[in-house]
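Protein sequences appear in the order of chains A and B. Numbering that gives the first Met the number 0 applies: residue 0 is where the first sequence begins, and numbers increase by one. Numbering that gives the first Met the number 0 applies: residue 0 is where the second sequence begins, and numbers increase by one.
Just so you know, these hints were derived from the structure itself, not from any lab. Source: prediction; values computed, not measured. We put the CB at the ideal spot given by N, CA and C, even for glycine.
Quick list of in silico lysine-lysine cross-link-like pairs, BS3-like style, CA-CA up to 30 Å: (1) A:Lys321 - B:Lys285; (2) A:Lys3 - A:Lys344; (3) B:Lys116 - A:Lys321; (4) B:Lys321 - A:Lys38; (5) B:Lys51 - A:Lys38; (6) A:Lys285 - B:Lys128; (7) A:Lys287 - B:Lys118; (8) A:Lys282 - B:Lys116; (9) A:Lys77 - B:Lys38; (10) A:Lys77 - B:Lys282; (11) B:Lys305 - A:Lys321; (12) B:Lys305 - A:Lys17.
Residues from chain B that keep clear of chain A, each with C-beta distances beyond 12 Å, as calculated: (13) Lys17; (14) Lys159; (15) His172; (16) Lys226.
Pairwise CB distance ranges, derived in the manner of DEER restraints: (17) A:Glu24 - B:Asn306: 22 to 30 Å; (18) B:Lys305 - A:His271: 29 to 37 Å; (19) A:Asp291 - B:Asn217: 47 to 55 Å.
What follows is the residue order along each chain.
2 protein chains.
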Amino acid sequence: MTFKIKHTDGNARIGELKLRKATLETPFFMPIATKTGFKYMTTKQIEQTNTKCFISNAFLISLKPGDLLVHDFGEIHKYMNWHGGIFTDSGGFQILSEYFVNELTDEGVVFTDPYTKAKQMFTPEDSMKVQQRIGADVIMALDDVPHYGKDREYIQGTVKRTYEWAQRCINSHKDKSQKLFGIVQGGTFLDLRAESAKQIGSLPFDGFALGGLALGENDSEQFSSVKVTVDNLPRDKPLYFMGLGSPEHIIECVGLGVDIFDSIFPTENARHGTIFTRDGPIKITKNKYLNDFSSIDSEYFCDETKNISKSYLCHLFDVDEKVGLTIASLHNICFIQCMLDDCKKAIRENRFDSFKDEWLLRYGTTKREVKTKK
Amino acid sequence: MTFKIKHTDGNARIGELKLRKATLETPFFMPIATKTGFKYMTTKQIEQTNTKCFISNAFLISLKPGDLLVHDFGEIHKYMNWHGGIFTDSGGFQILSEYFVNELTDEGVVFTDPYTKAKQMFTPEDSMKVQQRIGADVIMALDDVPHYGKDREYIQGTVKRTYEWAQRCINSHKDKSQKLFGIVQGGTFLDLRAESAKQIGSLPFDGFALGGLALGENDSEQFSSVKVTVDNLPRDKPLYFMGLGSPEHIIECVGLGVDIFDSIFPTENARHGTIFTRDGPIKITKNKYLNDFSSIDSEYFCDETKNISKSYLCHLFDVDEKVGLTIASLHNICFIQCMLDDCKKAIRENRFDSFKDEWLLRYGTTKREVKTKK
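The shape of chain A in the complex, shown without the other chains:
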């Protein structure tokens, strides 16, 4: 059994996910090493943020340095010198961006390789082949990801295609030691989400993911979409919310029953000077922090961010030392991981709801310097 539920508290739960290279406790958050590199952070530093698993992008890796190269090297864990878990995303979201896509058909996606300028077809079967070569612990089915704001008819089409592609992915998934997750689409149309959840949930995936969310919908749309998905999926498999990264959304979704998260949100914000603190996000680039000698966070920290003062970090941003981006990024990742540790403690003690309310009250009570909700 890949996934074991160890404790539940309402919909929130603690699970154990056994992968071929790591055993992970859920809920967990995955930072992103898009093309096998974390932005401004080494793999070693990521280890120190209490991160046990990250996600990389198989499609982008297939372009550079190449899935064959990574395979020949000894697969991605060895290539990146990482001893925990690794997911790869199929790259459905990226390949369907304006930058790459030429044509989307039932067969697959025709995209332009930005390096060779060649037009190429990328199918669900290609995605499986590429991800198997790269060798992550968990790979994702190729899905048809709609942008936010598409109409019902369009979304209906993506649900249908996502289901067809999911079956093709299952059929070309050979090495069962590598786990395969299916992705639920449906935009914020709750009936379409339910339909997609039922379809994808009927297939023998090792886990499921919420796709096409955290793309601009409001909180109520997002949480309703999660709920309807949870209600229509088998609950004995792990559930992964793709692309969710703001602390307050993660904590809400843990309460709704989500087990796994990933997002560029913590690090992208960090690079723009937004630092998560227990009392809400702050803009560390504000001049007043030069004279604030307190720690960036005295409760949520890792070895790399312990004893770093607001003054020092503000100064590094001020004089444009890029190591400021490193420290801010490590801190925001570490913050999410520490928050999830607190979540797990609360779940174990059957007090998740009150914990969540208190946590959010404190995070939101001070006059917010920065709005992090999308």
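Based on these hints, arrange chain B on the given structure of chain A.
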């Protein structure tokens, strides 16, 4: 006694330098945190390169975040969260660059503050005051640093002014727990170097430095200048070569009797893709390294750079992931520290000369991809 010589082998030696916050074994190399930040590296990462001491720039710190701020915070060790030794340079070299300097007089330097645009006078006394506030273990006298290529008459003037300023620095040096080093000038005019060494060496400094070198002179000029300085300085004090950072120059100068080094050379080269290896420097951005699965260096490495392959580092540069600059910088610093460890071992075993010859032969025998000699 601040400095104890533990072992000598010819002019090369191992010493123990007792500072107020650290006891350091010489010879050692100091990476540079110009404005209290290392370029692309955290203080924590620098620790892992086997670095025990670094240097920062007091003049630049006085502009931002301000020497008073650093003082109020609890001085520079606390501000940067560093538990080893710290030197500050007076900033003589920087303040006399075209970017800052307005007028150079016997009294001091009139410079333009780039942030406030105000013209300000900076005297040897100011330099001492600023460095005492910042609170490094070792501070440097303010000197008059000539650019390379100046004529004899000009250099003669800088020797005279450097001596006068040195005396003023000694006179305004109050806290004797903070060690003060004097700087020898003289360009590559050997008689002027000798004169400057005698003058500076006659003053009660805790150590001495070679200034105004590694600025464009050839090897023979550089080594002769070092020799004549060594011959004319008291040898019971530590000798610091300011701004020397190429592996082959450092190893030669250890042989000539230099104890301390600092330079941006290893990290600046790293950021341009030049990686030191035992078999000479390589240009990691070359396409061929994508397919080279060997370690960037299998002999000289630290925790952060161990098991990093040439392929992975080449790829990070290729896709412009800045963490490649981090890894390359850490490696080049670590390389110098490992080389100095080997130097110390050889000195202890009284075989420094043959060690140095073998080391240089191997470093230089392969067809050089990159010329690192200036």
